[in-house]
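Colleague: Input sequences plus hints: build the corresponding full structure.
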Amino acid sequence: MIRENPVFKRLPSGSLVLKPSPEALKVSAPGASGGRALFRAKKPEEVEEAAWAHVIATGGDSGNAELVLSHSTIEFGKYQGQTFE
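Using full-length UniProt numbering, the first residue of the sequence shown is number 1, and each one after it goes up by one.
Be careful, since some hints might not be right.
[Said to hold, decoys possible] No more than 27 Å apart at the CA atoms, straight line, and that leaves these computed lysine-lysine pairs for BS3-like:
1. Lys-9 / Lys-26
2. Lys-43 / Lys-9
3. Lys-26 / Lys-42
[Claimed, not checked] Simulated restraints on C-beta separations:
4. Lys-19 / Thr-58: 44 to 50 Å
5. Asp-61 / Pro-6: 27 to 33 Å
6. Glu-75 / Phe-8: 40 to 46 Å
7. Ala-50 / Lys-19: 32 to 38 Å
I should point out that these hints are in silico values taken from the structure, not numbers from a laboratory. Note that the Cβ used here is the ideal one computed from N, Cα and C, for glycine as well.
Modeller: If you want it as structure tokens, here you go:
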């Protein structure tokens, strides 16, 4: 469930707690990626350039922004490396 008003953890001084939660540490621990190699996201310009190149190479309409966007690769999370097709 998504909260509209998040609750932030604070120190007794009132400052925000700026460290990862135990759950976040588990996810970021070595080996927590499920065997996948760590991946650095490409720059947005690189993703866009690759999408344009793919559309042109396959004979698509490079003037169709939605078509180009649908060929952009996802750079994060479970679906990283896939396109929106």
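Colleague: It remains to establish, for every hint, whether it holds in the given structure.
Modeller: Here is how each hint holds up against the structure:
1. Lys-9 / Lys-26: holds (19 Å)
2. Lys-43 / Lys-9: Between Lys-43 and Lys-9 the Cα gap is close to 33 Å, so the pair fails against 27 Å, i.e. violated.
3. Lys-26 / Lys-42: holds (25 Å)
4. Lys-19 / Thr-58: 44 to 50 Å: The hinted range 44 to 50 Å holds for Lys-19 and Thr-58, with Cβ atoms some 47 Å apart.
5. Asp-61 / Pro-6: 27 to 33 Å: violated (42 Å)
6. Glu-75 / Phe-8: 40 to 46 Å: violated (28 Å)
7. Ala-50 / Lys-19: 32 to 38 Å: holds (37 Å)
Violation of the numbered hints given earlier is confined to hints 2, 5 and 6; the remaining hints are satisfied by the structure.
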